[in-house]
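Residue numbers (the UniProt record's numbering): 1 to 338.
It is possible that some hints are incorrect.
[To be verified] With a straight-line cut-off of 25 angstroms between C-alpha atoms, the simulated SDA-like cross-links for lysine to any residue are:
hint : residue 1 : residue 2
1    : 128       : 160
2    : 62        : 83
3    : 109       : 130
4    : 185       : 264
5    : 160       : 261
6    : 201       : 84
7    : 160       : 290
8    : 166       : 325
9    : 62        : 81
10   : 120       : 60
11   : 308       : 212
12   : 109       : 227
13   : 62        : 98
14   : 66        : 126
15   : 128       : 117
16   : 120       : 214
17   : 152       : 62
18   : 185       : 113
19   : 300       : 327
[Stated by the list, open to error] Label-pair distances were calculated between CB atoms; the ranges are:
hint : residue 1 : residue 2 : range
20   : 161       : 83        : 17 to 23 angstroms
21   : 263       : 294       : 16 to 22 angstroms
22   : 59        : 241       : 44 to 50 angstroms
23   : 60        : 314       : 37 to 43 angstroms
24   : 149       : 107       : 24 to 30 angstroms
25   : 67        : 112       : 35 to 41 angstroms
Derived by calculation from the structure, the hints in this document are not laboratory data.
Even glycine gets a Cβ: it sits at the ideal position worked out from N, Cα and C.
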Amino acid sequence: MALAPKIDVKSLDEKLENFHRLYSIKKKKELHDKESNKVINMRAMAAKEAPQEEWQMIIREKLVVKQVFASGGFGSVHKGIYDGQEVAVKVMEWGEDRRTKSEIASLKKDFRQEVSIWHKLDHPNITKCIGATMDTDSASVIIEYLSGGTLKAFLIQHRKKKLPLKIVKRLAVDLAKGLSYLHSKNIVHRDVKTENVLLDKDGRVKLADFGVARLEASNLAEMTGYTGTPGYMAPEVLECKPYNRKCDVYSFGICLWEMYCCDMPYPNITFSALTSAVVYKNLRPEIPKQCPSSLAKVMKQCWDGEPKRRPEMEEVVSMLEAINTSNSAPLGCFSFFG
């Protein structure tokens, strides 16, 4: 009878242990590769869904922020230099010590929307947005520097000695063209006022501040809310009714009156009384008797209580350009306009 071959149990145990070790290493590698690919794919998807905006391409080393020349509840505005060009830098603090996380998130969302709209605009009557930066506790918008200051400040300087009709027309046409361009891009500014209009060294008007600007909604019910500045806000906005770009046309009408009169439209009325009077009593600024009928007509059509009866800004440009200023006498030296 043949004897069974002797089995080396110890050797088999070692081989089996090596097999399990190699198998375990292989599985761990496969799992690691799978997870790595998953992370890479997620990053790729995130990059595809949220690519870096053009306005974020600012090279911070090229930005030099200098002295403050304006400040308010929004933050501060500084003079600065970017890539050798003179700029204005609007700096906003998120105010983490006095705002909740949800409020800060909302501010950041609004900031992104403002800059993404503004950065794409290219028109001689729109202030150029060069770019922006955003950090965890603050954000900055970098725009072209305009030495003429705000239209509001310029008009206040001429409160006693009014502007010639020729100058009024030039200012108005510039602003109307800027708004017409915005509306052609389906953008509603929603806060048109002389404080948000700037002047360059040659007196050219440029619309600025797109903090509440929005793409016009096809469904007007999506455009609601008390947005803008009392005194310039259209009745439908004051009532929180649906509205469209015609709210900007209304605001332009108030600005046009301001350009001609170089005065405050409603100096002695509280905001609450003003809202009620504008909506229910059709209150509008009083047009001086000496105001040319052609200019007064533009004002009245722009601030009509019914949005559908207001002209498009493209029509307003044509109406203003048709006004004859050859008989208007100069009322002083306006070297500011070259």
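Checked hints:
no., hint, result
1, 128 x 160, "violated, 32 angstroms"
2, 62 x 83, "holds, 5 angstroms"
3, 109 x 130, "holds, 19 angstroms"
4, 185 x 264, "violated, 31 angstroms"
5, 160 x 261, "holds, 10 angstroms"
6, 201 x 84, "holds, 19 angstroms"
7, 160 x 290, "holds, 16 angstroms"
8, 166 x 325, "holds, 5 angstroms"
9, 62 x 81, "holds, 8 angstroms"
10, 120 x 60, "holds, 20 angstroms"
11, 308 x 212, "holds, 23 angstroms"
12, 109 x 227, "holds, 17 angstroms"
13, 62 x 98, "violated, 32 angstroms"
14, 66 x 126, "holds, 24 angstroms"
15, 128 x 117, "holds, 11 angstroms"
16, 120 x 214, "holds, 13 angstroms"
17, 152 x 62, "violated, 32 angstroms"
18, 185 x 113, "holds, 15 angstroms"
19, 300 x 327, "holds, 23 angstroms"
20, 161 x 83: 17 to 23 angstroms, "violated, 41 angstroms"
21, 263 x 294: 16 to 22 angstroms, "holds, 20 angstroms"
22, 59 x 241: 44 to 50 angstroms, "holds, 45 angstroms"
23, 60 x 314: 37 to 43 angstroms, "holds, 40 angstroms"
24, 149 x 107: 24 to 30 angstroms, "holds, 27 angstroms"
25, 67 x 112: 35 to 41 angstroms, "violated, 28 angstroms"
The structure is inconsistent with the numbered hints 1, 4, 13, 17, 20, 25, although it conforms to all the rest.
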